[in-house]
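A.B. asks: Protein sequence lines correspond, in order, to chains A and B.
Numbering-wise, the first sequence is residues 3 to 334 according to this note's numbering.
Numbering-wise, the second sequence is residues 8 to 365 according to this note's numbering.
Treat the hints with care, since some could be wrong.
Unchecked claim - Derived DSS-like pairs (lysine-lysine); straight-line CA-CA distance at most 27 angstroms:
(1) A:LYS111 to A:LYS249
(2) B:LYS238 to A:LYS329
(3) A:LYS36 to B:LYS136
(4) A:LYS202 to A:LYS36
(5) B:LYS17 to B:LYS357
(6) B:LYS157 to A:LYS329
(7) A:LYS145 to A:LYS36
(8) B:LYS17 to B:LYS100
(9) B:LYS136 to B:LYS17
Hints listed in this document are in silico derivations from the structure and should not be mistaken for laboratory results.
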Amino acid sequence: MSADFYYAIEVILNGLMAGVMYSLVALGFVLIFKASGIFNYAQGVMALFAALTLVGFQNGEIPFSHLINAIFGTDVHHFGWHMPAFFAILCALAVMILFAFLVEKYILKHLVNQEPIILFMATIGLAYFMEGFGDLMWGADIKKLDVGIPQGGNIWLEENTAFLGGDDFYGFYIDNLDIWATIFAAILVISLVIFSQYTKTGRALRAVADDHQAALSVGISLRSIWVIVWAIAGFVALVAGIMWGSKSGVQFSLSLIALKALPVLMLGGFTSIPGAIIGGLIIGVGEKLFEFLIGAPFLGGATENWFAYMLALLFLVFRPQGLFGEKIIERV
Amino acid sequence: MLYREAGDFKTSYAKDQQTFPIAFDRWGYFITVAFAFLVVPFLINDYWVNAVVLPFLIYSVAAIGLNILTGYCGQVSLGTGGFMAVGAFSAYKLMTAFPELSMIIVILLSGGVTAFVGILFGLPSLRIKGFYLAVATLAAQFFLVWMFNKFPWFYNYSASGQISAPERSVFGFAVTGANVTPAVSYLFCLCFVFVLAWVARNLTRGANGRKWMAIRDMDIAAEIIGVDPLKTKLTAFGVSSFYIGIAGALLFAIYLGAAEVGEAFDISKSFLVLFMIIIGGLGSIFGSFAGAAFMVLMPVLLKNIMVGYLGWPTDLASHFQFVIVGGLIVIFLILEPHGFAQLWRLAKEKLRLWPFPH
Chain A
3 MSADFYYAIE VILNGLMAGV MYSLVALGFV LIFKASGIFN YAQGVMALFA
53 ALTLVGFQNG EIPFSHLINA IFGTDVHHFG WHMPAFFAIL CALAVMILFA
103 FLVEKYILKH LVNQEPIILF MATIGLAYFM EGFGDLMWGA DIKKLDVGIP
153 QGGNIWLEEN TAFLGGDDFY GFYIDNLDIW ATIFAAILVI SLVIFSQYTK
203 TGRALRAVAD DHQAALSVGI SLRSIWVIVW AIAGFVALVA GIMWGSKSGV
253 QFSLSLIALK ALPVLMLGGF TSIPGAIIGG LIIGVGEKLF EFLIGAPFLG
303 GATENWFAYM LALLFLVFRP QGLFGEKIIE RV
Chain B
8 MLYREAGDFK TSYAKDQQTF PIAFDRWGYF ITVAFAFLVV PFLINDYWVN
58 AVVLPFLIYS VAAIGLNILT GYCGQVSLGT GGFMAVGAFS AYKLMTAFPE
108 LSMIIVILLS GGVTAFVGIL FGLPSLRIKG FYLAVATLAA QFFLVWMFNK
158 FPWFYNYSAS GQISAPERSV FGFAVTGANV TPAVSYLFCL CFVFVLAWVA
208 RNLTRGANGR KWMAIRDMDI AAEIIGVDPL KTKLTAFGVS SFYIGIAGAL
258 LFAIYLGAAE VGEAFDISKS FLVLFMIIIG GLGSIFGSFA GAAFMVLMPV
308 LLKNIMVGYL GWPTDLASHF QFVIVGGLIV IFLILEPHGF AQLWRLAKEK
358 LRLWPFPH
């Protein structure tokens with residue numbers, strides 16, 4: 003077999019890995035959408051904010067140091083300690099839980115029974131707020147995130163697949179980080195499934211997702227469920243933030259992955275967790291393969307910017323509810 | 008006792024159907040228009056035109072366009088930036104390909120081109136609804152921006168990938184290029200805004216507007232009473248894109264003068280215009296103006312306060328701007344989800360009864 007064939011396989015493998023990263027973000031969307039019917043645009047910024055907070059804790063930066071310096075004319079930067087990655091992650095998680103609590107208390111509580119578009123707009127406002135707030139708190143420069151996940155190509159895989167091709171084939175190149183991301187994503191999804199199937203809170207979550215009013219009538223508190231769901235989404239955002247942050251540094255563009263997660267959701271259906279995973283894989287493979295086969299040779303490259311959206315658009319024309327979404331039934 | 012219908016007798020059907028049934032409103036409207044056309048051009052200077060007035064006028068057109076699609080027809084679109092780019096690039100191509108063509112025709116034609124592209128991307132709206140459609144319009148946004156970036160024909164093979172407006176004049180006054188006076192560019196935009204707003208107002212209260220609103224309120228019910236959903240949605244996409252294209256052409260040719268597509272027409276433009284119509288009020292022409300004014304004025308104001316008055320560094324101020332804009336949007340949605348237009352409506356109701364409470 004020719005090297006081109008193996009190269010295509012490598013592209014597919016890397017596409018699958020990229021797809022896992024998209025799925026991580028999409029997962030947070032699905033969780034919140036199922037439980038509260040809110041399309042949370044701020045999910046990407048939550049990932050950014052979580053990663054920023056993590057880096058901040060790890061390096062012992064002083065929050066709002068820039069602002070404090072500007073107002074009081076002081077010159078403070080760091081506490082001067084380095085926190086171990088594990089504790090920093092716990093602290094960042096605590097911040098995300100606090101954030102979930104505040105969002106429920108100050109935003110969602112007041113917007114009950116509004117139209118979906120209003121709630122959507124509110125989360126866009128929230129996204130803007132957090133973007134500015136995160137920059138104010140931790141500074142806007144690009145930060146390096148390192149929590150001890152190995153990076154670089156996987157040598158073992160490369161050496162053990164080299165025999166497949168001819169002399170000009172050196173084995174599949176796959177980043178260690180992507181492999182770890184896949185493992186983490188798998189653990190995350192399995193634990194989410196176990197949580198929602200076998201715990202009391204999980205059952206309450208599913209009840210709320212099914213029918214708000216029925217859930218209320220059997221005594222489930224919607225507000226505490228919302229806090230829990232946003233906290234879980236914050237946790238998912240933290241995981242996504244760690245993965246994306248380790249991969250490409252913690253910076254503003256991290257919040258734009260939320261936009262990439264949207265076609266993933268449309269493909270998989272807004273209400274389905276497996277849909278988010280499979281949609282992510284399809285988009286990841288599809289855009290890498292399209293760029294490899296058609297985009298780079300014929301269209302001048304960079305087709306990854308729009309391919310996912312076009313694929314989702316064409317797909318939706320034939321199946322408007324996505325792959326695994328609930329069938330849309332309309333009545334007058 | 009000024010704000011009353013009482014005593015204002017309508018003697019013909021035309022008078023009964025007019026846009027401003029209350030005399031006070033009518034006079035307020037005439038005075039505003041007269042002030043905008045006859046007084047402002049003599050007062051205006053470079054700073055005001057570039058920082059406040061031109062962006063306000065141009066974004067008003069874009070907001071009216073998006074309001075027709077989203078507010079009146081109920082189809083949420085996140086592709087505004089992409090459609091504005093279509094307007095800007097067709098204006099550029101027309102200006103460079105036909106140097107003798109009048110700027111007015113250039114701008115209108117670029118609106119027409121954008122309308123065509125808008126209808127093309129509006130086709131899936133028959134099957135895709137709600138949020139799914141909003142995300143589908145992102146395809147338009149990203150695809151169009153990528154296209155204008157990748158194919159050098161669109162920017163006439165210029166090395167920087169930028170487009171810049173050559174000098175053109177209307178009735179002997181330069182409207183684009185380096186020799187523009189503030190008053191001329193202001194009046195040029197104002198004429199477009201005035202005519203387009205007038206047309207939009209009358210479109211939305213006529214047969215077309217009623218069809219759009221029927222589709223918005225419940226598309227299946229509308230179909231049953233004889234509204235053709237395909238035709239109605241596509242006219243909404245077409246008219247909306249026409250407005251947005253004109254806004255894009257004006258933004259590029261009159262306001263910016265030179266533009267780079269990834270920077271001037273990125274996704275944040277789409278959100279900006281969407282914010283305008285949400286804050287101004289969905290389904291209201293007045294709301295489009297109010298929202299545009301708010302979103303244009305607030306950053307200028309915040310910057311003046313924080314950088315000019317408090318003396319903070321600009322990057323800090325821009326972070327604060329994000330926090331405040333985001334916070335205000337959330338607060339606004341909580342306090343008045345229907346925007347400025349609703350506040351205005353409530354104020355008018357109160358005025359009618361004043362000074363009696365009931």
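A.B. asks: If you check each hint against the structure, which ones fail?
C.D. replies: 1, 6, 7, 8, 9
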